[in-house]
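Novice: Add chain B to chain A, keeping to what the hints say.
There are 2 protein chains.
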Amino acid sequence: MEFMTGVKEKETVDLAAVTAEGMEGRTVKIEGTVHTIRDMGEVAFVILRRRDGLLQCVFEEGVTAFDLKTLKEASSIVAEGTIHKEARAPQGVELRLTGITVLSEPAAPMPLPIAKWKLNTSLDAKLNRRSISLRNVRERAKFRIQEGVVRAFRDFLYSQGFTEIHTPKIGAKGAEGGSNLFRLDYFHRPAVLAQSPQFYKQMMVGVFDRVFETGPVFRAEKHNTKRHLNEYTSLDFEMGYIDSFEDIMAMETGFIQYMLKMLETDYAPELQILGITLPKADKIPAVRFDEAKQLASEKYGHKIRNPYDLEPEEEVLIGRYFKEEYGSDFVFVTHYPSKKRPFYAMDDPADPKFTLSFDLLFDGLEITTGGQRIHDYQMLLDKIAARGMTEEGMEQYLDTFKYGMPPHGGLGIGLERLTMKLVGEDNVRETTLFPRDLSRLEP
Amino acid sequence: MEFMTGVKEKETVDLAAVTAEGMEGRTVKIEGTVHTIRDMGEVAFVILRRRDGLLQCVFEEGVTAFDLKTLKEASSIVAEGTIHKEARAPQGVELRLTGITVLSEPAAPMPLPIAKWKLNTSLDAKLNRRSISLRNVRERAKFRIQEGVVRAFRDFLYSQGFTEIHTPKIGAKGAEGGSNLFRLDYFHRPAVLAQSPQFYKQMMVGVFDRVFETGPVFRAEKHNTKRHLNEYTSLDFEMGYIDSFEDIMAMETGFIQYMLKMLETDYAPELQILGITLPKADKIPAVRFDEAKQLASEKYGHKIRNPYDLEPEEEVLIGRYFKEEYGSDFVFVTHYPSKKRPFYAMDDPADPKFTLSFDLLFDGLEITTGGQRIHDYQMLLDKIAARGMTEEGMEQYLDTFKYGMPPHGGLGIGLERLTMKLVGEDNVRETTLFPRDLSRLEP
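Chains as they are written, first to last, in the working numbering: chain A, 1 to 443; chain B, 1 to 443.
No wet-lab data here; the hints were simulated from the structure. Just to be clear, a hint being listed does not mean it is correct.
[As the list claims (entries may be wrong)] Computed list of lysine-lysine pairs in DSS-like fashion (alpha-carbon distance at most 27 Å, straight line):
hint, chain 1, residue 1, chain 2, residue 2
1, B, Lys402, A, Lys29
2, A, Lys173, B, Lys72
3, A, Lys402, B, Lys116
4, B, Lys222, A, Lys402
5, B, Lys8, A, Lys10
6, A, Lys226, B, Lys173
7, B, Lys402, A, Lys402
8, A, Lys303, A, Lys323
9, A, Lys10, B, Lys261
10, B, Lys29, A, Lys402
11, A, Lys72, A, Lys126
12, A, Lys126, B, Lys402
13, A, Lys283, B, Lys8
14, B, Lys8, A, Lys261
15, B, Lys340, A, Lys72
16, B, Lys339, A, Lys402
17, B, Lys226, B, Lys126
18, B, Lys383, A, Lys72
19, B, Lys173, A, Lys173
20, B, Lys10, A, Lys280
21, B, Lys10, A, Lys261
22, B, Lys402, A, Lys69
23, B, Lys126, A, Lys173
24, B, Lys280, B, Lys226
25, A, Lys383, B, Lys280
26, B, Lys283, A, Lys8
27, A, Lys69, A, Lys8
28, A, Lys126, B, Lys226
29, A, Lys118, B, Lys10
30, B, Lys29, B, Lys10
31, A, Lys323, B, Lys8
32, B, Lys222, A, Lys173
33, A, Lys222, B, Lys173
34, B, Lys383, A, Lys10
35, B, Lys116, B, Lys29
36, A, Lys8, B, Lys8
Here chain A stands alone, though its shape is the one from the complex:
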């Protein structure tokens, strides 16, 4: 009988073992894909691409036991060689090849110049060949940064006593009303895809006090802008026993600070590849919705057309204002008008035309919507009635409040938008692995 006892020691090493101190002169085997071959005649540079970076390998005729002519770019190989210091090589070391073993070969030459430092290809061409274009080192680095964002979100919230939940994406009714929903047939019953985990995360506050979820949400919006996706990853949390809705903004600020620190320490190579200087978030200004509009209007001569809504251009101007006046890339805009927020938003007792809610703008783009929710059963019923809505299909959501709920609130962060701003892109599709928009359903 054979037994599995855990991760197997490999004969091959990783990049860290090659670049470590004291490895000079050692002979190692390392796997990777042939990123490029630069043939100089008697010597050739074979650049190996691995998950942990690039490694310069040197092929020398008469030394390397392999026929260079038969080596193709995009082949997966095991390279065997001796480690030498070389200041001009990417990692400060190079591998002088003694042998090459080919694991697999491509069937056709590369259709995109992925070995170039910047892949100067149109967004459409990149998206059409996503599994190829991301082999470019800069392109893939964006998604390593994205990993860091999600990882920081979870790690930080675990440390704050949050419990992770997994809520269904197929349901009978949407949390925010009937518009913009993808509809499907669920064993001959009408069903919809979840626009957000809003109802579920609130329902779980009565169980775990603090919960979070990182998962897909679906919006059948007919927008076709650089900021919109029809499926995206939402980072959601909801917390009970808040003293005020500022607790939620404070928690988000804590997350952002934690995230920036984690990116700096654990994702330094990717930050360097992308040439990114991270923003500061030591203190994030918070300003009322009406005041923010006024400030931007006065400074930049923008006419306020609708006092109850924030146009994308106004968001940009508010972002610019707080960058110029306070040096901050982030700004919380608070107290959004009640009529622009969902029924479950808590109105401000001081002026019920406004809510105890906020958006977080990053470089002039909304990346978060959050706020305090109504926790009182009767208040919730009254708000539903006042809006002319029906309780039908919300029975179990409402029961949660009937049987007691602490004061609570939460937020949702758009992962792709946050990543886009962190890496300095201007189209959210650049930081979405496989975007879904009005025209794109594949790959």
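Specialist: This is chain B only, laid out in the frame that chain A set:
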């Protein structure tokens, strides 16, 4: 201007601060929900339920500045009192109340006896009132264990150089063929919900070498068993540069060992609440499909009806065999017949009727399906042709191989099934927050 500077210090404390050494005699404020009130006349025990556990609070007439008659179960409160050692209390300490502040009250008495140690309510009743039934301390503990499983999966894979990815759930075509797919209208185009992230994670092996995803998958299967869900959470990974498909089993064994350790250290209170003894996974036997069938058939007198398939009863018997003969709760069953595996499965060169694949059985239930995949472009085209399938809709998946891919493989783990077996339940709905099955679309 107001500024957010990070998580705010709260006036209230958490349970760890109450139970810590040297806190006796201190006066603290702590928030929670009134779990039960046991009124003994001049003294009453008010049990507070919090995310971190239960706290016994003692109400004394004339000492506690509050009218006990007005306190309702399921109210959210801030309790203020002095910490005293008390061996009979759940945490070894109790809080002698000086005051109570009510934050919110329920509108009706609790419909389920959630304060009982075991909630002896039917599964249907529990699921119909999910946000209430999970307020039972044992019920919610199962989902804390579930959190630990996912957390361990990610932490372990990060440590092994995997990158987390987020792939779309709406697509144009399913990875495993046309059956069992939920269909929807995507802006007047036919679309389906992803049965698995299979194609996408393979496509990303060429980019990141090792990837994983934890997310929902959707299967329109008309099964109505204790093991099946129509939406579940899949823990998927895919890894390149494998020497053989055993590398994948070895990696999964490493994960399970890591998970068991993490549950033991970080989720000890929940293990205790549920009375769980964790299984061992130091060495997991691996046995060929045909051999496993034979062994179970011989020992238990089970007749082999179909040599190419494993019936659920056979899985149970194989699980029993390896428990009895080797003391193992886990067993890898390898080399499944080719005709029972998808087209992308790598056939065994030694006998192409079988594949380099495996299932992992835990206590006689399949919790994982995995294996090596075909990485050679021409081999993949040949297999598609041999099965009479069409390449249509798979162009970008196939292009990934055309332009070079390392040998690779991976697996998918059903989170709810794994949790179910860990906590000793026998219906997967017990370990699903909001199950979706043939009859259940709400809440």
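Novice: Now tell me if each hint is right for this structure.
Specialist: Here is what the structure says about each hint:
Among the hinted pairs, Lys402 (chain B) with Lys29 (chain A) is consistent with the structure: their alpha-carbon atoms are about 26 Å apart, no more than 27 Å. Restraint check: the Cα-Cα separation between Lys173 (chain A) and Lys72 (chain B) comes to about 32 Å, which exceeds 27 Å; the hinted pair is violated. Between Lys402 (chain A) and Lys116 (chain B), the direct Cα distance comes to roughly 20 Å. Compliance with the 27 Å bound is thereby established for this hinted pair. About 35 Å separates the Cα atoms of Lys222 (chain B) and Lys402 (chain A), which puts this hinted pair outside 27 Å; it is violated.
Annotation: proposed proximity of Lys8 (chain B) to Lys10 (chain A) is violated, straight-line Cα distance about 47 Å (limit 27 Å). Under the criterion of a C-alpha separation no larger than 27 Å, the hint pairing Lys226 (chain A) with Lys173 (chain B) is consistent with the structure, at around 26 Å. Straight-line distance between C-alpha atoms of Lys402 (chain B) and Lys402 (chain A) comes to about 59 Å, which puts the hinted pair past the 27 Å bound. For the hint pairing Lys303 (chain A) with Lys323 (chain A), the CA-to-CA distance comes to about 20 Å; that is within 27 Å, so the pair holds.
The hinted pair formed by Lys10 (chain A) and Lys261 (chain B) meets the criterion: a straight-line CA distance of about 24 Å does not exceed 27 Å. Under the criterion of a C-alpha separation no larger than 27 Å, the hint pairing Lys29 (chain B) with Lys402 (chain A) is consistent with the structure, at around 26 Å. At most 27 Å may separate the alpha-carbon atoms for a hinted pair to count; Lys72 (chain A) and Lys126 (chain A) meet this at roughly 23 Å. Only pairs whose Cα atoms come within 27 Å are accepted, and Lys126 (chain A) paired with Lys402 (chain B) is accepted, the gap being roughly 17 Å.
For the given pair, Lys283 (chain A) sits about 13 Å from Lys8 (chain B) by alpha-carbon distance, which is consistent with the 27 Å threshold. In summary, the hint linking Lys8 (chain B) to Lys261 (chain A) is supported, as the alpha carbons are separated by about 19 Å, within the 27 Å threshold. At roughly 35 Å between alpha-carbon atoms, Lys340 (chain B) and Lys72 (chain A) are farther apart than 27 Å, so this suggested pair is violated. For the hint linking Lys339 (chain B) to Lys402 (chain A), the alpha-carbon distance of about 54 Å lies beyond 27 Å, and the restraint is violated.
Between Lys226 (chain B) and Lys126 (chain B) the CA atoms are separated by roughly 16 Å; this keeps the pair inside 27 Å, and the hint holds. Under the criterion of a C-alpha separation no larger than 27 Å, the hint pairing Lys383 (chain B) with Lys72 (chain A) is consistent with the structure, at around 25 Å. With a C-alpha separation of about 25 Å, the suggested pairing of Lys173 (chain B) with Lys173 (chain A) holds against the 27 Å cut-off. At most 27 Å may separate the alpha-carbon atoms for a hinted pair to count; Lys10 (chain B) and Lys280 (chain A) meet this at roughly 25 Å.
Taken as a hint, the Lys10 (chain B) and Lys261 (chain A) pair is honoured in the structure, with Cα atoms around 24 Å apart against an allowance of 27 Å. Between Lys402 (chain B) and Lys69 (chain A) the alpha-carbon distance is near 20 Å, which keeps this suggested pair within the 27 Å criterion. About 21 Å separates the Cα atoms of Lys126 (chain B) and Lys173 (chain A), which keeps this hinted pair within 27 Å; it holds. Between Lys280 (chain B) and Lys226 (chain B), the direct Cα distance comes to roughly 25 Å. Compliance with the 27 Å bound is thereby established for this hinted pair.
For the hint pairing Lys383 (chain A) with Lys280 (chain B), the CA-to-CA distance comes to about 53 Å; that exceeds 27 Å, so the pair is violated. Between Lys283 (chain B) and Lys8 (chain A) the alpha-carbon distance is near 13 Å, which keeps this suggested pair within the 27 Å criterion. Distance restraint check for Lys69 (chain A) and Lys8 (chain A): the Cα-Cα separation of roughly 34 Å exceeds the 27 Å cut-off, and the hinted pair is therefore not satisfied. The hinted pair formed by Lys126 (chain A) and Lys226 (chain B) fails the criterion: a straight-line CA distance of about 44 Å is larger than 27 Å.
Taking the CA atoms of Lys118 (chain A) and Lys10 (chain B), the gap is near 48 Å; set against the 27 Å cutoff, the hint is violated. This hinted pair checks out: Lys29 (chain B) and Lys10 (chain B) have alpha carbons roughly 10 Å apart, not beyond 27 Å. With a C-alpha separation of about 24 Å, the suggested pair Lys323 (chain A) and Lys8 (chain B) falls inside the 27 Å cut-off, and the hint holds. About 22 Å separates the Cα atoms of Lys222 (chain B) and Lys173 (chain A), which keeps this hinted pair within 27 Å; it holds.
For the proposed pair Lys222 (chain A) and Lys173 (chain B), the alpha carbon gap of about 22 Å is at most 27 Å, so the pair holds. About 31 Å separates the Cα atoms of Lys383 (chain B) and Lys10 (chain A), which puts this hinted pair outside 27 Å; it is violated. For the suggested pair Lys116 (chain B) and Lys29 (chain B), the alpha carbons sit about 26 Å apart, so the restraint of at most 27 Å is met. A C-alpha spacing of about 45 Å is found between Lys8 (chain A) and Lys8 (chain B), which places the hinted pair above 27 Å, so the restraint is violated.
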